[in-house]
Amino acid sequence: AQSVTQPDIHITVSEGASLELRCNYSYGATPYLFWYVQSPGQGLQLLLKYFSGDTLVQGIKGFEAEFKRSQSSFNLRKPSVHWSDAAEYFCAVGAIDGNKLVFGAGTILRVKS
Amino acid sequence: IAGITQAPTSQILAAGRRMTLRCTQDMRHNAMYWYRQDLGLGLRLIHYSNTAGTTGKGEVPDGYSVSRANTDDFPLTLASAVPSQTSVYFCASSESGLAGASGELFFGEGSRLTVL
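In the order they appear, the protein sequences are chains X and Y.
Numbered continuously in the working numbering, the first sequence closes out at residue 113.
Numbered continuously in the working numbering, the second sequence closes out at residue 1116.
Please keep in mind that the hints were generated in silico from the structure rather than gathered at the bench.
Taking lysine to aspartate or glutamate pairs in the EDC-like style, the calculated list, with each CA pair at most 20 Å apart, reads:
(1) LYS112(X) <-> ASP8(X)
(2) LYS100(X) <-> GLU1104(Y)
(3) LYS112(X) <-> GLU15(X)
(4) LYS112(X) <-> GLU20(X)
(5) LYS49(X) <-> GLU1104(Y)
(6) LYS100(X) <-> ASP1038(Y)
(7) LYS100(X) <-> GLU1059(Y)
(8) LYS100(X) <-> GLU1095(Y)
(9) LYS61(X) <-> GLU88(X)
(10) LYS49(X) <-> GLU1095(Y)
(11) LYS1057(Y) <-> ASP1073(Y)
(12) LYS49(X) <-> GLU66(X)
(13) LYS49(X) <-> GLU88(X)
(14) LYS100(X) <-> ASP1062(Y)
(15) LYS112(X) <-> ASP85(X)
(16) LYS100(X) <-> ASP1073(Y)
(17) LYS100(X) <-> ASP1072(Y)
(18) LYS49(X) <-> GLU20(X)
(19) LYS68(X) <-> GLU20(X)
(20) LYS49(X) <-> GLU64(X)
(21) LYS1057(Y) <-> ASP1038(Y)
(22) LYS68(X) <-> ASP54(X)
(23) LYS61(X) <-> GLU20(X)
(24) LYS61(X) <-> GLU15(X)
(25) LYS61(X) <-> GLU1104(Y)
Kindly produce the complete structure, drawing on both the sequences and the hints.
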């Protein structure tokens, strides 16, 4: 069965600084990988996804993520964080032969001015 | 605006009572899901439905039941609520599951349930 680990529960960065949120997954085959963002009081919104091909994927709001098979990782990055990026971020993994996503516990991002 | 509607947005419930959380989507998606979100645990799948007329158990199905009589509606029922079911519940849908072209889940805004 697949699983996802997000090692950082909270991260605080200064506005304008770069950001990297870590995600490690466990799955026996090539996974489908996702990053979702949740603003307070809202549902989750898809930031980006990786199915196959180029291991560096671009998403909305200036985010990108890189799939590294050798490290079983799919870290989320942004070169310059904006105050509006403060939210909770979830990494998720899905099985190609199924349609259920397994989510990590989430990382809460705080942005300080 | 197309999307997923959940009701109620918030509810306080006495233990032992029956409760149904409603979920309706207008995107004609085949697959629908119920997740619960708890601090430090992320989202955990309760039940899912690949298409109207079929349902399946997720990671934490005990104490919950679902039905999928048509494409649009996917209610979640707590037959006899217990305090451990205090959580935020999210309904989601996808076009045709991860094997499809998109694989994206669309989420409702959640239903906050407190069981006393």
